[in-house]
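Number of protein chains: 2
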Amino acid sequence: MYPESLRNLIEGFKSFPGIGEKTAERLAFSVLDADTEKVGAFIDSMKDVKEKIHPCKICNHLTENEICEICSNKLRDQSTLCVVEDPRSVILFERLGSYNGMYHVLNGLISPMEGINPEDIGIDKLLSRIKENNFKEIILAVKPSIEGETTALYIKKILDGLPLRVSKIASGIPIGADMEYIDSMTLERALLDRKNIE
Amino acid sequence: MYPESLRNLIEGFKSFPGIGEKTAERLAFSVLDADTEKVGAFIDSMKDVKEKIHPCKICNHLTENEICEICSNKLRDQSTLCVVEDPRSVILFERLGSYNGMYHVLNGLISPMEGINPEDIGIDKLLSRIKENNFKEIILAVKPSIEGETTALYIKKILDGLPLRVSKIASGIPIGADMEYIDSMTLERALLDRKNIE
Chain A
1 MYPESLRNLI EGFKSFPGIG EKTAERLAFS VLDADTEKVG AFIDSMKDVK EKIHPCKICN
61 HLTENEICEI CSNKLRDQST LCVVEDPRSV ILFERLGSYN GMYHVLNGLI SPMEGINPED
121 IGIDKLLSRI KENNFKEIIL AVKPSIEGET TALYIKKILD GLPLRVSKIA SGIPIGADME
181 YIDSMTLERA LLDRKNIE
Chain B
1 MYPESLRNLI EGFKSFPGIG EKTAERLAFS VLDADTEKVG AFIDSMKDVK EKIHPCKICN
61 HLTENEICEI CSNKLRDQST LCVVEDPRSV ILFERLGSYN GMYHVLNGLI SPMEGINPED
121 IGIDKLLSRI KENNFKEIIL AVKPSIEGET TALYIKKILD GLPLRVSKIA SGIPIGADME
181 YIDSMTLERA LLDRKNIE
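Quick note, the sequences are listed as chains A and B, same order.
The opening residue of the first sequence carries number 1 in our numbering; numbering runs sequentially from there.
The opening residue of the second sequence carries number 1 in our numbering; numbering runs sequentially from there.
Wrong hints could be hidden among the right ones.
Unchecked claim - Some, not all, of what chain A presents toward chain B, calculated at C-beta under 7 Å: (1) S5; (2) L6; (3) L27; (4) E94.
To be verified - 27 Å max Cα-Cα, derived DSS-like pairs, lysine-lysine: (5) K14(A) <-> K22(B); (6) K52(A) <-> K38(B); (7) K143(B) <-> K156(B); (8) K168(A) <-> K195(A); (9) K14(A) <-> K57(A); (10) K38(A) <-> K14(B); (11) K52(A) <-> K74(A); (12) K38(A) <-> K57(B); (13) K50(B) <-> K14(A); (14) K195(B) <-> K57(B); (15) K74(A) <-> K136(A); (16) K22(A) <-> K38(B); (17) K52(A) <-> K22(B); (18) K38(A) <-> K50(A); (19) K125(B) <-> K156(B); (20) K195(A) <-> K156(A); (21) K52(A) <-> K14(B); (22) K143(A) <-> K125(B); (23) K22(A) <-> K50(B); (24) K50(A) <-> K22(B).
Unchecked claim - So the derived label-pair ranges between C-beta atoms look like this: (25) L191(A) <-> E11(B): 40 to 48 Å; (26) E198(A) <-> I173(B): 56 to 64 Å; (27) K57(A) <-> P17(B): 33 to 41 Å; (28) L191(A) <-> G108(B): 56 to 64 Å; (29) A41(A) <-> D183(B): 34 to 42 Å.
Since the hints were derived computationally from the structure, they do not count as laboratory data.
Glycine residues also receive a C-beta, built at the ideal position from the N, C-alpha and C atoms.
Let the hints inform the model, and build the full structure from the sequences given.
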């Protein structure tokens with residue numbers, strides 16, 4: 001029903017996460033309708049991303065340089081290291097504006113079910129970095145799933161004996177959530193991790 | 001917070017209709033994570049669409065050839081012409097599979113409010129085509145908005161006197177819709193256009 005090139009573009013859009021047939025059609029038509037110049041600029045930005053961006057040599061966060069802006073920033077607190085599972089988490093924390101320490105980006109989380117082992121997510125690089133620096137605290141900021149817990153426990157274990165505080169960000173009921181929509185695992189965790197009112 | 005090239009790509013995605021900041025970020029990251037080869041193929045399909053697709057010389061529908069597949073198909077009913085406002089409408093009707101006539105794609109709808117006049121949407125080309133062919137019926141398949149009604153009335157007027165049936169697709173309550181969610185204009189129209197039960 002579509003000319004071949006348009007069909008190919010629709011299929012291309014459909015291969016993006018969360019894009020279904022209808023949205024892909026809408027996007028493909030908007031490429032068709034857009035100025036050639038604008039589409040050219042979009043294509044260039046896509047090429048740029050593939051060519052220029054790579055992991056920071058120190059922390060694995062995305063950068064166009066050898067060392068990312070966060071690792072290069074000497075004004076940040078060099079004694080705290082926040083370990084995250086992907087570069088998007090760094091962005092989320094940076095957006096908060098309240099964390100001023102360093103980051104280390106893992107290549108995902110340990111998942112024995114999917115055959116993802118500690119060496120696959122770059123634990124060695126993390127361990128070397130921690131040993132070569134004088135961090136006072138390692139904050140594990142991974143999601144509270146089986147994989148996240150496994151990864152956190154593994155890191156906690158290999159850091160055993162080092163003069164460090166190893167912490168994990170809190171799980172519980174999201175602020176503003178309605179109790180009735182909270183799943184039972186989250187509720188159970190919130191109960192277990194209850195805190196004294198001070 | 002993002003490397004410049006990634007920020008540019010996110011902005012690029014945001015310029016698509018219906019794509020907000022979060023979705024744009026997700027799409028940009030998936031470009032970053034995708035195989036370079038796959039991104040290359042996607043870029044090529046985008047270039048192809050801009051280079052190969054143009055309006056059919058007869059009906060304005062999208063095609064990679066001079067004449068589109070529908071206009072070239074001699075097995076279709078050459079006596080019925082369905083007038084639509086854009087190429088997407090052709091796709092919608094073709095998907096039904098029940099319409100076997102020809103199409104004519106306007107370049108949008110007449111809108112005095114936005115300064116879009118009959119000559120802007122290619123009414124001349126439509127009129128010439130109708131005069132040069134032996135259509136028995138012209139079906140106006142434009143949306144039931146002020147612009148759609150204006151366009152339909154205008155076409156009806158300029159075809160006055162020609163030996164043709166000029167019809168318009170029905171407006172009313174969508175099949176399966178809940179009455180309570182129908183807006184008052186649609187309900188009013190459904191009431192006005194009521195049919196005898198046969």
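Structure-based check of all given hints:
1. S5: holds, 4 Å
2. L6: Hint on L6(A): holds, closest Cβ of chain B at ~6 Å, below 7 Å.
3. L27: Hint holds; L27(A) Cβ to chain B Cβ min 5 Å, cut 7 Å.
4. E94: holds, 5 Å
5. K14(A) <-> K22(B): holds, 18 Å
6. K52(A) <-> K38(B): Answer holds: K52(A) to K38(B) is near 17 Å, not above 27 Å.
7. K143(B) <-> K156(B): Answer holds: K143(B) to K156(B) is near 15 Å, not above 27 Å.
8. K168(A) <-> K195(A): Holds. K168(A) to K195(A) sits at ~15 Å (cutoff 27 Å).
9. K14(A) <-> K57(A): It is violated: about 33 Å lies between the C-alpha atoms, which goes past 27 Å.
10. K38(A) <-> K14(B): holds, 13 Å
11. K52(A) <-> K74(A): holds, 24 Å
12. K38(A) <-> K57(B): At roughly 26 Å apart (the allowed maximum being 27 Å), K57(B) and K38(A) satisfy the hint.
13. K50(B) <-> K14(A): Measuring from Cα to Cα gives roughly 19 Å; hence the hint holds.
14. K195(B) <-> K57(B): violated, 39 Å
15. K74(A) <-> K136(A): Answer holds: K74(A) to K136(A) is near 17 Å, not above 27 Å.
16. K22(A) <-> K38(B): holds, 21 Å
17. K52(A) <-> K22(B): Status holds; Cα separation ~22 Å.
18. K38(A) <-> K50(A): Cα-Cα ~19 Å, so holds.
19. K125(B) <-> K156(B): holds, 15 Å
20. K195(A) <-> K156(A): holds, 22 Å
21. K52(A) <-> K14(B): holds, 21 Å
22. K143(A) <-> K125(B): Outside the cut-off at roughly 60 Å; violated.
23. K22(A) <-> K50(B): Holds, at roughly 20 Å.
24. K50(A) <-> K22(B): holds, 20 Å
25. L191(A) <-> E11(B): 40 to 48 Å: holds, 44 Å
26. E198(A) <-> I173(B): 56 to 64 Å: Because 60 Å falls inside the window, the suggested range holds.
27. K57(A) <-> P17(B): 33 to 41 Å: Check passed, 39 Å falls within 33 to 41 Å.
28. L191(A) <-> G108(B): 56 to 64 Å: holds, 59 Å
29. A41(A) <-> D183(B): 34 to 42 Å: holds, 40 Å
Hint check: violations occur at hints 9, 14 and 22; the rest are consistent with the structure.
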